[in-house]
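Novice: Chains as they are written, first to last, in numbering that gives the first Met the number 0: chain V, 0 to 533; chain R, 0 to 281; chain Z, 0 to 302.
These are computed hints drawn from the structure, not numbers from a lab. Please note: incorrect hints may appear among the correct ones.
Calculated pairs, SDA-like style, for lysine to any residue (alpha carbon to alpha carbon, straight line, at most 20 Å) [as the list claims (entries may be wrong)]:
1) Z:K194 with V:G16
2) V:K393 with V:R412
3) Z:K194 with Z:A230
4) V:K322 with R:T165
5) V:K393 with V:P406
6) Z:K194 with Z:P226
7) V:K393 with R:R186
8) Z:K194 with Z:G121
9) V:K322 with V:R356
10) V:K393 with V:A407
11) Z:K102 with Z:I179
12) Z:K194 with V:M520
13) V:K322 with R:S179
14) Z:K194 with Z:Q135
15) Z:K194 with V:R356
16) Z:K102 with Z:P226
17) V:K393 with V:V403
18) Z:K102 with Z:G162
From a predicted model like this one, the values you see are computed outputs, not experimental measurements.
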Amino acid sequence: MKDTPLLEIENLAIAFGTAPPVVQDVSFRIGLGETFGVVGESGSGKSLSAFAVLGLLPPGARVLEGSSIRFEGRELVGLSDAALRPLRGARIAMVFQDPMVSLTPTLRAGAQVAEAVRQHRRLPRAGVRARVAELFTEVGLDPALAGRYPHQLSGGQQQRVMIASALAGDPALLLADEPTTALDATVQAQVLDLLDGLVRRRGLSMLFVSHDLAVVARMARRVAVMQGGRLVEQGPVGQVLGSPQAEETRALLAARRGLGCAAPLPPAPEAILRVEELAVDYPGAGPFARPVRTVSGVSLAVAPGRVLGLVGESGSGKTTVAKALVGLVRPAAGRITLDGQPLPTGLGGRRQPLAQRVQIVFQNPYGSLSPRRTIAATLAEPLELLGVPAAERKDRAAVALQEVGLPAGHLARFPHQLSGGQRQRIAIARALLAEPSVLICDEVVSALDMATQLQVLRLLREVQARRRLAMLFITHDLEVLAHLAQEVVVMRRGRVVEAGPTGQVLGAPLEGYTRELVAAMPRLPQADRIAVPV
Amino acid sequence: MSASLAAPPPRWPLGSLAAAGLVGLVLLLAVFGRWLTPFDPLAQDLLSINQEPDAVHWLGTDHLGRDVLARLAAGARLTLLTGVGGALIAFGLGAGLGLVALALGDPLRSLVLGFFDLLRALPGILVAILLVAALSPGPGAVMLALGLTFAPMVAEVVRGSFARETAADYVAAARVFGLSRLAVTWRHILPNIAGTLLTMAAIILPRCIVTESVLSFLGLGGAPDIPSWGRMIADAAEFAEEAPHAVAVPVLALSLFTLSLSLVGARIRSLADPLQRAGGAR
Amino acid sequence: MSGALGLALPTLRALGLVAAITVLAFLCIGAVPGDVVDVLALQGDLTADQQAALREEMGVGRPLHERFLAWLGPALRGEFGQSLRFGLPVSELMWNALPTTLKLAGLSFGIGLLLAFVVAVGAIARPRSALPALVQAVNIWSVAVPTFCVGIAAILVFSIWLGWLPVIGNLWVPALILAIDRAGELVKPLYDELKEQQGAPHVRAARAKGLSAWRIGVVHVLPGAVPVLLALSSVGLAGLLGGSLTMEVLFGLPGIGSLTLNAVHGRDWPLLQAVVVLLATGVVLINALADLLHRLVDPRPRR
Numbered sequence: 000m001k002d003t004p005l006l007e008i009e010n011l012a013i014a015f016g017t018a019p020p021v022v023q024d025v026s027f028r029i030g031l032g033e034t035f036g037v038v039g040e041s042g043s044g045k046s047l048s049a050f051a052v053l054g055l056l057p058p059g060a061r062v063l064e065g066s067s068i069r070f071e072g073r074e075l076v077g078l079s080d081a082a083l084r085p086l087r088g089a090r091i092a093m094v095f096q097d098p099m100v101s102l103t104p105t106l107r108a109g110a111q112v113a114e115a116v117r118q119h120r121r122l123p124r125a126g127v128r129a130r131v132a133e134l135f136t137e138v139g140l141d142p143a144l145a146g147r148y149p150h151q152l153s154g155g156q157q158q159r160v161m162i163a164s165a166l167a168g169d170p171a172l173l174l175a176d177e178p179t180t181a182l183d184a185t186v187q188a189q190v191l192d193l194l195d196g197l198v199r200r201r202g203l204s205m206l207f208v209s210h211d212l213a214v215v216a217r218m219a220r221r222v223a224v225m226q227g228g229r230l231v232e233q234g235p236v237g238q239v240l241g242s243p244q245a246e247e248t249r250a251l252l253a254a255r256r257g258l259g260c261a262a263p264l265p266p267a268p269e270a271i272l273r274v275e276e277l278a279v280d281y282p283g284a285g286p287f288a289r290p291v292r293t294v295s296g297v298s299l300a301v302a303p304g305r306v307l308g309l310v311g312e313s314g315s316g317k318t319t320v321a322k323a324l325v326g327l328v329r330p331a332a333g334r335i336t337l338d339g340q341p342l343p344t345g346l347g348g349r350r351q352p353l354a355q356r357v358q359i360v361f362q363n364p365y366g367s368l369s370p371r372r373t374i375a376a377t378l379a380e381p382l383e384l385l386g387v388p389a390a391e392r393k394d395r396a397a398v399a400l401q402e403v404g405l406p407a408g409h410l411a412r413f414p415h416q417l418s419g420g421q422r423q424r425i426a427i428a429r430a431l432l433a434e435p436s437v438l439i440c441d442e443v444v445s446a447l448d449m450a451t452q453l454q455v456l457r458l459l460r461e462v463q464a465r466r467r468l469a470m471l472f473i474t475h476d477l478e479v480l481a482h483l484a485q486e487v488v489v490m491r492r493g494r495v496v497e498a499g500p501t502g503q504v505l506g507a508p509l510e511g512y513t514r515e516l517v518a519a520m521p522r523l524p525q526a527d528r529i530a531v532p533v
Numbered sequence: 000m001s002a003s004l005a006a007p008p009p010r011w012p013l014g015s016l017a018a019a020g021l022v023g024l025v026l027l028l029a030v031f032g033r034w035l036t037p038f039d040p041l042a043q044d045l046l047s048i049n050q051e052p053d054a055v056h057w058l059g060t061d062h063l064g065r066d067v068l069a070r071l072a073a074g075a076r077l078t079l080l081t082g083v084g085g086a087l088i089a090f091g092l093g094a095g096l097g098l099v100a101l102a103l104g105d106p107l108r109s110l111v112l113g114f115f116d117l118l119r120a121l122p123g124i125l126v127a128i129l130l131v132a133a134l135s136p137g138p139g140a141v142m143l144a145l146g147l148t149f150a151p152m153v154a155e156v157v158r159g160s161f162a163r164e165t166a167a168d169y170v171a172a173a174r175v176f177g178l179s180r181l182a183v184t185w186r187h188i189l190p191n192i193a194g195t196l197l198t199m200a201a202i203i204l205p206r207c208i209v210t211e212s213v214l215s216f217l218g219l220g221g222a223p224d225i226p227s228w229g230r231m232i233a234d235a236a237e238f239a240e241e242a243p244h245a246v247a248v249p250v251l252a253l254s255l256f257t258l259s260l261s262l263v264g265a266r267i268r269s270l271a272d273p274l275q276r277a278g279g280a281r
Numbered sequence: 000m001s002g003a004l005g006l007a008l009p010t011l012r013a014l015g016l017v018a019a020i021t022v023l024a025f026l027c028i029g030a031v032p033g034d035v036v037d038v039l040a041l042q043g044d045l046t047a048d049q050q051a052a053l054r055e056e057m058g059v060g061r062p063l064h065e066r067f068l069a070w071l072g073p074a075l076r077g078e079f080g081q082s083l084r085f086g087l088p089v090s091e092l093m094w095n096a097l098p099t100t101l102k103l104a105g106l107s108f109g110i111g112l113l114l115a116f117v118v119a120v121g122a123i124a125r126p127r128s129a130l131p132a133l134v135q136a137v138n139i140w141s142v143a144v145p146t147f148c149v150g151i152a153a154i155l156v157f158s159i160w161l162g163w164l165p166v167i168g169n170l171w172v173p174a175l176i177l178a179i180d181r182a183g184e185l186v187k188p189l190y191d192e193l194k195e196q197q198g199a200p201h202v203r204a205a206r207a208k209g210l211s212a213w214r215i216g217v218v219h220v221l222p223g224a225v226p227v228l229l230a231l232s233s234v235g236l237a238g239l240l241g242g243s244l245t246m247e248v249l250f251g252l253p254g255i256g257s258l259t260l261n262a263v264h265g266r267d268w269p270l271l272q273a274v275v276v277l278l279a280t281g282v283v284l285i286n287a288l289a290d291l292l293h294r295l296v297d298p299r300p301r302r
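One chain only, chain V, in its complex shape:
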């Protein structure tokens, strides 16, 4: 650590109104030129702590008395908005989580950087333009993109624009709040490289906040772990990850590391679901535009008792494939067979037992349950369609809840009374009640916390093995994939780029894109050398 800390936070406590504090006893220091990581699950208070530095807490939240945030020796707690303003962007700048919504949609990218430039320096018009171009170049963007609106940029480009406007005032400290969470893995790796480079070149100090231990470990020398609004442990990365002292840190590491690799199985039996040369079109913009082919030439097969992983980044077409399989979108070409019989395309002809044997669990547990129906009503629906008499439905639903590890008491609840993980369990129970042979899981854990992810994945694996389900597991997360799937199909831009046994594809990828994906996967340092007591 350096002698004079740039940022010194002591006993930080934050509360909403008169409620009990959501952040408490948070103290850490960041030295000049140092990158300090803060890691924790959602709701742990890590982002709030970062917002508090610049006085950007959401309405209703306030820093409690006794807290201290000193920047360059100056106390920031208690300063008015007007007093903080000269610091914002000039000495301390911030990069936010979701660049899509953190850029103003009605303003061109260049203008958003230019206003930050003008805020801190008096420059003539041409000077501002030159400075914007300079900043664009520095963050690896073509200055020609300055004329674009945010929605015309990719996620990675948007985040680079955010970074450029943060650099405009030549700050000493950069607060980065989950800056790569919303991005695809390969883009995440590029943006992390960029931040790394900027920190070195400019001698920036950085507070790097993330839920992802591996990402924090890659960026920071020292790290703090937050849980439930408290800072439970801090120290050099190697020490915190290598010999964690706090229970919470161990739990966090276990959630990350609890995923073993799927055991290789004997050669697959005959596949039950086969997809050949599937293609899907989406209507073009405007009535005369040609349809756009979003998926083409996708072939895959899943056998009973096996898990096939379908991996790809956003926009790769993997969800479209899932929707085509359950009939939610009509394929433009190709064949889908179940047990050798062709499945009707589209939902029109699907009201038959054959089709119901392919079920799906969706990504977002907040949207997949009807908000105004009780869990009992939600679970009764597949039973009714299977012809189960009304009297038996409740008992069957209770049994189904038990199978996914929830008490029967939850039957009377509404979805909004349940957590994300509980909802996802109910979505799984609902799919299982239709007695499917094939279960499609579309990014089912990506909206959940790490620890919850692990629980849901364990449940899925258990259910899949017990019922000998053929499972198509769609994910962008290679680690999750390796945990569940014996075989994998890699998709990019609507096409299959590589397919094969999981170990082989991830261990020795043949295609350039797969190699890129594998390389971009965030890894913990010396992952296998750290013993994790569970």
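We have chain V already, so just place chains R and Z on it with the hints.
Specialist: Quick look at chains R and Z alone, frame taken from chain V:
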């Protein structure tokens, strides 16, 4: 999110309670009004014209000596019936037909929505005036005109909510079980947009009642012999200097009634929704 | 959206809408029982022969489709024929009435918009003041209290009880009544949208740049509220035209509303038909304008 430690707000705060009382009063007036006064709403008494309210004529008499209370009661009946009828038609067309068309998709969808677009391209009151004129005045014509005037508003809201709900995965999940489009709409979408429809009803019903009054005021209302509130206002307006109460009574009745209906509607909506009832955020 | 096609389609749609309304209105008006001669006969004594001759002269006895075709040709050139009742060219009557209606609708829209804007922005900027409560109050007033009733009440109170200047014929009183009504409909959605925008991540990001509250408000918050405002305004303007029809009749203003009512009561179908086409065109134009403005302010493609 701050947990409030204070006592939960009452289910029916004072304002809403008063509003509910007023709505009830008007209903009672409409049903039992004819036994409330001994006077015939049409009987003229030229010896006691423009009388201020007194013990005999509780709300006074108008320029022809007719009892204002008796007319108010008779008018309440007609105004309520036409207003409720018009709102029902508006919902039948806008929500009923609209949802079926949305569920079944094109070509029905384009046809129905196109028709509503057409109606919406004219100011509502003009549509009502044209329709009443074309259908020859009468309570049935007024109801139909009100229904057609307000159906596009309902349909527009239904269309928006339908689009929002269909985008949710729970609809997709239900369809994967093999539920038909209509069944999904009935079972899953309708309960989730019911709150919006209720809000809409609380807006449409008062508007139907007011529009009925405006039409009668303009001389395009229902039967000329039965007094409606609008006709009472129109009749008495000419003699407002001699008998201001004869105008003020129906005007006050109309405004207070629509205000109360809106307040009661808002209250019922928040009580009926399981999400709001449980205090959960969505 | 490609420029030419993006403009051509809405234009075609708008034209189709006006055409369809024209036909529909013609059918509607054609179905009105009784004709102008019946009305005239009630007012002055006309023998059966005179009535027949009058019908022949005015062309009201001919079948509907013939009348429509005979009307359509000149109408496309902007000639809507003679008013059967007033004996004047319809276009002249409308031309004389239009300024009153435009003034009434324009004034009330302008004042209403300004009022809604000031109250909503004020309520956002001063959340501890009485302004947020005012937002709710104006909204409830507008939703629940009919302008028709307020109009009559205003006449009663100002003209008769207080004995102030004659309210009948006064443009400002109905304009203010309609303006408050309009403000009430605009203010709540505008306030909600501004509030949502204010808490949006992009506004937090703008604050993190050290921008002034003023710049954040004008450049980062307000543009986000424009689509809502435009959508409401275009719907509202159509409603306002309707509202001003009633107000004109109530306050004895010689505008399109009074003209319409005269035409209905007098079975003056050329006049009524022309009014319908005029108002439909007006509403369609307003919507097109709102759409265009939306595209200018918000570059994102529409869903």
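Novice: State for each hint whether it applies.
Specialist: Here's how the hints hold up against the structure:
1. The straight-line distance between the Cα atoms of Z:K194 and V:G16 is roughly 19 Å, inside the 20 Å bound, and the hint therefore holds.
2. Taken as a hint, the V:K393 and V:R412 pair is honoured in the structure, with Cα atoms around 14 Å apart against an allowance of 20 Å.
3. Taking the CA atoms of Z:K194 and Z:A230, the gap is about 18 Å. The hint holds against a cut of 20 Å.
4. Our distance criterion of 20 Å between C-alpha atoms is met by V:K322 and R:T165, whose separation comes to about 15 Å.
5. The hinted pair formed by V:K393 and V:P406 meets the criterion: a straight-line CA distance of about 13 Å does not exceed 20 Å.
6. With a CA separation close to 15 Å, the supplied pair Z:K194 and Z:P226 stays within the 20 Å bound.
7. With a C-alpha separation of about 18 Å, the suggested pair V:K393 and R:R186 falls inside the 20 Å cut-off, and the hint holds.
8. Between Z:K194 and Z:G121, the direct Cα distance comes to roughly 12 Å. Compliance with the 20 Å bound is thereby established for this hinted pair.
9. Distance hint between V:K322 and V:R356 is fulfilled; the C-alpha atoms sit about 14 Å from each other, no more than 20 Å.
10. At most 20 Å may separate the alpha-carbon atoms for a hinted pair to count; V:K393 and V:A407 meet this at roughly 10 Å.
11. At most 20 Å may separate the alpha-carbon atoms for a hinted pair to count; Z:K102 and Z:I179 meet this at roughly 16 Å.
12. Proposed proximity of Z:K194 and V:M520 is contradicted: the alpha carbons are some 39 Å apart, above 20 Å.
13. Among the hinted pairs, V:K322 with R:S179 is consistent with the structure: their alpha-carbon atoms are about 17 Å apart, no more than 20 Å.
14. A threshold of 20 Å between alpha carbons decides the hint, and for Z:K194 with Z:Q135 the separation of about 14 Å falls inside it, so the pair holds.
15. For the suggested pair Z:K194 and V:R356, the alpha carbons sit about 47 Å apart, so the restraint of at most 20 Å is broken.
16. As the CA atoms of Z:K102 and Z:P226 are separated by approximately 25 Å, the hinted pair breaks the 20 Å bound.
17. At roughly 16 Å between alpha-carbon atoms, V:K393 and V:V403 fall within 20 Å of each other, so this suggested pair holds.
18. A hinted pair counts as satisfied when its Cα atoms are at most 20 Å apart, and Z:K102 with Z:G162 does not qualify at roughly 26 Å.
Hint compliance for this structure: hints 12, 15, 16, 18 are not met, and every other hint is.
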